[in-house]
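My request is simple: use the sequences and hints to build the entire structure.
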Amino acid sequence: MTLAIETSGLTRRFGSVCAVEGLDLRVEAGKFYGFLGPNGAGKSTTIKMLTGLLAPTSGTMRLLDTDLGDPERARAIKQRIGVVPENLALFDNLTAREYLTFIGRMYLLPPDTVRARCQELLTMMDLAGEETKLTLEYSHGMKKKLALAAALLPDPDLLFLDEPFEGVDAVASRMLRDTLKSFVKRGATVFLTSHVLEIVEKLCTDVGIIAHGRLVQQVSMAEIHAAGTLEERFLAAVGDGQVEAQKLSWLED
Amino acid sequence: MYLQHLRTLLWLRWRLTRNQWRRGGQVNAILSLLVSILGLGLAVAGGVGGLLIGALALAKATPQATMFAWDGIVAVFLFVWLLGLVTEIQRSEVIDASRLMHLPVLLREVFFLNYAASHICLSLAIWVPTTLGLAFGLAVGRGAHQLWLVPLLLAFFFMVTAWTYCLRGWLAALMVNQRRRRAVIMGVTMFVVVLAQLPNLLMNVWRDDTRRVGAAVAHDSGKNAQVVRVCTLANRFAPPLWLPQGAQALQAGRVWPSLIATAGMGLLGLLGLARAYQLTRRFYQGDDRRKTAPPPVATPATKVVRGRLLVERTLPLVPEPAAAVACANLRSMLRAPEVKMALVANVVVFVILAGGIFLKHGAAVPPAGRPFIALAAACLTMLGLMQLLFNQFGFDRDGFRALVLLPAQRWHILLGKNISLLAISLPVFVVLLSLLTVSAHLGPAELLQACLGFCSVQLALGVLGNWLSILTPYRIAAGSLKPTKAKASSQVLMVVASMFMPLLLLPLFVPPLLGFLCNEFTKVPGTPITLLGAVVLLGCSCLLYGCTLKPLGRLLQRREQRILLAVTSEVE
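Line by line, the protein sequences are chains A and B.
Start counting the first sequence at 1; every next residue gets the next number (the numbering used here).
Start counting the second sequence at 1; every next residue gets the next number (the numbering used here).
This list has only true hints and no planted wrong ones.
Some chain B residues well away from chain A (every beta-carbon gap over 10 Å; in silico):
{"no.": "1", "residue": "Val-35"}
{"no.": "2", "residue": "Ser-123"}
{"no.": "3", "residue": "Gln-278"}
{"no.": "4", "residue": "Cys-379"}
{"no.": "5", "residue": "Val-430"}
{"no.": "6", "residue": "Leu-447"}
{"no.": "7", "residue": "Lys-487"}
Below, in silico cross-link-like pairs of lysine-lysine (DSBU-like), each with a Cα-Cα straight-line distance of 30 Å or less:
{"no.": "8", "chain 1": "B", "residue 1": "Lys-340", "chain 2": "A", "residue 2": "Lys-133"}
{"no.": "9", "chain 1": "A", "residue 1": "Lys-31", "chain 2": "A", "residue 2": "Lys-202"}
{"no.": "10", "chain 1": "B", "residue 1": "Lys-487", "chain 2": "B", "residue 2": "Lys-340"}
{"no.": "11", "chain 1": "B", "residue 1": "Lys-340", "chain 2": "A", "residue 2": "Lys-143"}
{"no.": "12", "chain 1": "A", "residue 1": "Lys-185", "chain 2": "A", "residue 2": "Lys-31"}
{"no.": "13", "chain 1": "A", "residue 1": "Lys-181", "chain 2": "A", "residue 2": "Lys-31"}
Note that these hints are calculated values from the structure, not bench results.
Heads up, the beta-carbon is just placed ideally off N, CA and C, and yes, glycines get one too.
So, in structure tokens, the structure goes:
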């Protein structure tokens, strides 16, 4: 069994607040992994640490059999991963095609490949008609689609997606789901966070649930389906009892 | 207005300010407190000073002299006021109305609160007590009727602030479109840059002419009287000058002109405020009852991309990732209004400051001075681009996250950034050098030496720029040169670097100095020595740059997460 992601005791503190505590994550290569959790549970912090956007307070991380403790190796492994971060990573003053070209060049792809993939991605994301617009003029959904295109462009072995479907229209969402499925089918790994349980249930093969910075569940979708639904499992893991407790007094009368 | 709403909105503003101070750290809080205390001290000093000047000096002046004195006060106030406007040009309202529109709050409540809060600024805090002190001083020196100056002054300030608020609202409405927003900010900033240079322009370019004109006028009393007549006429018809007009009348013992001026300015102020409210309503609620719907605009056909994009270009001898960063960064900078602002301001300031001097006296520069003058182009270019050079990641904002995620060697990123900056600074240098060549009659040797000096300074300051960009990054708000969330330590380091940058440029002047000494004290010709020195300096700069690039790349890699935090965080 080859592991695409492996963390051990991964911890991140912000002052006295512990955002992620002792995370032991194991994601097999070729899996579609859904990382779930309520707001503020530590999902984005985990992705930021795994992708090098945030330094962990303690713990170890391995991506695609490479230890991220060594800064030079951590940089080199980025050649094989694609990321859609929470707050995106776009340059305001570039057009979509320019931005994708820049990303392609930085991944050392041949110019013809960059051109061809840019065109395909822009068409797929329905951004081809926006050639003259700068990214600062894009809506949130368009920015998200462009960030997704940039993550897919280098054809990475491991893809990190932080809320990839948020703000994306239904047509693009469908197309994106199909793309990600075929992406996984050919051996790549996808690690995504989402609040939409239905999407995770449809797409993912494995699920991890994080609550209050701790990994509380790490199971396959088959196991979940054998015992019920993802929503039931999720609510049980993050505090089903709270739902009953959190009722509004003035609506109960 | 419900009192509870007002109380809640004031509480909201206070909490936002307090939280912002907390996030800024203790040093920032102390600095803000010091500025507030300084402002208070200046206000008190202004009030007392005004009182004394009014009672002791202005009280004895003739009505006409009084009018000219108030003319001066109004002119200086408006100048300072306009300069202050540039920092407020992006509608930085005390309470962002768009965040309250879904609540049971009336827009006019927020509007009036924001308008009232727009008075909290340093220039008004100093000028209002100073001018009121002057009015009370005049009342002490000339009699109680001078107290009519108080409503006159208040009407003046009301008129100015109301129309300023209206202007800000109009600009904010214009800036809804993101591209136009940046163009507006750039245009207004450039206007203020030119305005701020007016005193220099007067001093350096027109001073001699005005002296001559002044002498002629002194000989011709008729012309003198004409100047006074024009001034008086301007005071009668230009609304901001109704204040001096009213003050003149009061000095002459006539109250009615002052009352009319008060009423006129008050009415104009009300008109400005009404217009500002109308614009605010249109801005936040899309309420435009006057206008008919615009005709539908045909969607332009999709532009077909032909040829190679700038971001696709390769650079000879430059590694591919560095070339990609250089091209993308250049493309981005060429579109960024903040970069255009820096460039245009550079040329404008040079033309106004140096141009005034060199165009007048350039021909008088002795040959020995020309090698030094030639280097001014390189120095001014780099001084003008200091903010771009010393904070290379601050302009990337969220784009810096892309750089962190990339697998590229970090020294490639630095190299790419430096190359793109060279592409920006080179045209500025060429323009400045051409101006100098024309004005100071530079020869080929001086031009060559200036080019070598430019390369040296570009490389040496590139090292310093890389180092400072890594150590003291701060976010630059989109479309402006305004730092946001800059740490106190970053600000201090930037100020120190700016202060000592001229010293860092000193080695540039060593080769021409050697050449000069050779010319003066030996039989060795100075020009070859100067050129040789410039080549040696360039060699040293190349060595310094080459030796530091990779270590700085490693430093960037170690600190990139901290830089990311600094350049991507928004402030409320």
